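Use the sequences and the hints to build the structure in full.
The numbering used here applies: residue 67 is where the sequence shown begins, and numbers increase by one.
It should be emphasised that the hints constitute simulated quantities derived from the structure, not laboratory data. It should be emphasised that the depicted structure is a prediction, and the values quoted were computed from it without experimental measurement. Among the hints, erroneous ones may be present.
As the list claims (entries may be wrong) - In silico DSS-like links for lysine-lysine, alpha-carbon gap of 30 angstroms or less:
| hint | residue 1 | residue 2 |
| --- | --- | --- |
| 1 | K256 | K244 |
| 2 | K233 | K244 |
| 3 | K247 | K209 |
| 4 | K247 | K131 |
| 5 | K233 | K256 |
| 6 | K308 | K244 |
| 7 | K136 | K248 |
| 8 | K248 | K131 |
| 9 | K131 | K308 |
| 10 | K233 | K299 |
| 11 | K299 | K136 |
| 12 | K248 | K308 |
| 13 | K244 | K205 |
| 14 | K256 | K136 |
| 15 | K233 | K308 |
| 16 | K308 | K136 |
| 17 | K205 | K136 |
| 18 | K131 | K244 |
| 19 | K244 | K209 |
| 20 | K205 | K233 |
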Amino acid sequence: MFRFRANLASRFGSTIGRRPFTPIRSLQMKSKTYKDEGSRSRSSFMTLLVLMPIISFGLGCWQVKRLQWKHNLIANAESQLALPPLPLPNNLNVDVVSEFDYRRVTATGEFDHAHEMLVGPRLYEGRNGFLVVTPLVRKDGSKLLVCRGWIEQSFEQQSSRPESLVKGPVTVQCLIRKTPKKNMFTPESKPEIGRYYFMDIPEMAARTGSQPVYLQELEDRESELLPEMAAMKGIPLGATAKVEFRNTHFQYIMTWFGLSIITTAMLFMVLRQRRAASVSDAMRAKVAHAKKWQ
67 MFRFRANLAS RFGSTIGRRP FTPIRSLQMK SKTYKDEGSR SRSSFMTLLV LMPIISFGLG
127 CWQVKRLQWK HNLIANAESQ LALPPLPLPN NLNVDVVSEF DYRRVTATGE FDHAHEMLVG
187 PRLYEGRNGF LVVTPLVRKD GSKLLVCRGW IEQSFEQQSS RPESLVKGPV TVQCLIRKTP
247 KKNMFTPESK PEIGRYYFMD IPEMAARTGS QPVYLQELED RESELLPEMA AMKGIPLGAT
307 AKVEFRNTHF QYIMTWFGLS IITTAMLFMV LRQRRAASVS DAMRAKVAHA KKWQ
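As structure tokens, then:
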């Protein structure tokens, strides 16, 4: 009997001795861990609650400055638009052209339809289509890039819109516009087939030998065709002589200042609750101390 027990001990004792020891965490240790995690979460929340009113107020002030800048920009564009059309000189100073944004100009020449370019897709009154950009060749041989207007997608091919292919000398009235910038989400254009996804004026000018100036042809108010009739024949619909700027700064001002007010109120409420809780804890401690010595 004793020999059997000794054999069991010699056989399994070493195995039992090698089992790793895993300490059991007490309830007090777990409670302390939960308290530490809760304290860190409350600290992060308070930091965010303190920073939000400051950051949102700063962004609101920045939007106020942006709104003033946009108002000045619109006022300058409207003053340019009110001036009479100016004959566009042959030699253009490209460096100062941007200062004449929304200035009406006139130019005479012949459209080079062989090098026509389409920019799009572009929506007009819910319909899909393209903007037609055609070089205008002047008497001295210089070329201008003229955005003639919008056509419906079904008129993509020139053969489907013969009335849009104006021949001979023409005089067009245009708006000088600043060169648009490419959006980070805009795909790469296909200049080899004359298709662009945005108004890439420098590339268009280099490909056609034109001056890098962006001109928007205005609608012909003296035309016998109504805009809808012209669109049905594939004749480009020109731009309207009005200032169009996207201005959402006031909405942003209301959003940021409103967020600043709300988060400030939340901060005061939290601080008030914490102060009340602190006073309550102090009172309970005093009561407990008094009962202890009764």
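Hints, verified against the model:
no.: 1; hint: K256 / K244; in the structure: holds, 22 angstroms
no.: 2; hint: K233 / K244; in the structure: holds, 28 angstroms
no.: 3; hint: K247 / K209; in the structure: holds, 22 angstroms
no.: 4; hint: K247 / K131; in the structure: holds, 22 angstroms
no.: 5; hint: K233 / K256; in the structure: holds, 27 angstroms
no.: 6; hint: K308 / K244; in the structure: holds, 15 angstroms
no.: 7; hint: K136 / K248; in the structure: holds, 20 angstroms
no.: 8; hint: K248 / K131; in the structure: holds, 25 angstroms
no.: 9; hint: K131 / K308; in the structure: holds, 24 angstroms
no.: 10; hint: K233 / K299; in the structure: holds, 16 angstroms
no.: 11; hint: K299 / K136; in the structure: violated, 38 angstroms
no.: 12; hint: K248 / K308; in the structure: holds, 23 angstroms
no.: 13; hint: K244 / K205; in the structure: holds, 25 angstroms
no.: 14; hint: K256 / K136; in the structure: violated, 34 angstroms
no.: 15; hint: K233 / K308; in the structure: holds, 28 angstroms
no.: 16; hint: K308 / K136; in the structure: holds, 16 angstroms
no.: 17; hint: K205 / K136; in the structure: violated, 39 angstroms
no.: 18; hint: K131 / K244; in the structure: holds, 22 angstroms
no.: 19; hint: K244 / K209; in the structure: holds, 18 angstroms
no.: 20; hint: K205 / K233; in the structure: holds, 15 angstroms
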